[in-house]
Amino acid sequence: MLSPSVLGVVVGLALGFAAAFGGFPEFLIVAVFAAIGYGIGKLLEGQIDLGALLGSRSRR
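Reminder that position 37 of the sequence shown reads as 48 in our numbering, one-by-one numbering, no gaps.
Hints listed in this document are in silico derivations from the structure and should not be mistaken for laboratory results. Treat each hint with caution, since some may be false.
[Stated by the list, open to error] Pairwise CB distance ranges, derived in the manner of DEER restraints:
#1 L65 to V43: 14 to 22 Å
#2 G57 to L26: 19 to 27 Å
#3 F38 to L18: 19 to 27 Å
Bear in mind the structure is a predicted one, so any value in this text is a computation, not a measurement. We put the CB at the ideal spot given by N, CA and C, even for glycine.
Model the full structure from these sequences, guided by the hints.
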């Protein structure tokens, strides 16, 4: 079974290819989708703390 990070990259690549076919600018779009997919996979694995990244602070 694929880890969520790898699955995220695969899904990101698939979405990138579906969104754009062609030259270098489209390649960059695919790379961005792959990076987003990787980040989502890491988030789902629990390796990224979204609260710490966004700098959320509890105010009470």
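Assessment of proposed distance window 14 to 22 Å (beta carbons of L65, V43): holds (20 Å)
Given the hint of 19 to 27 Å, is the C-beta distance from G57 to L26 inside that range or not? This hint holds: roughly 23 Å between Cβ atoms.
Tell me if the beta carbons of F38 and L18 are separated by a distance inside 19 to 27 Å. Since the Cβ atoms of F38 and L18 sit about 22 Å apart, the hinted range of 19 to 27 Å holds.
Going through the hint list in order, the structure satisfies each hint without exception.
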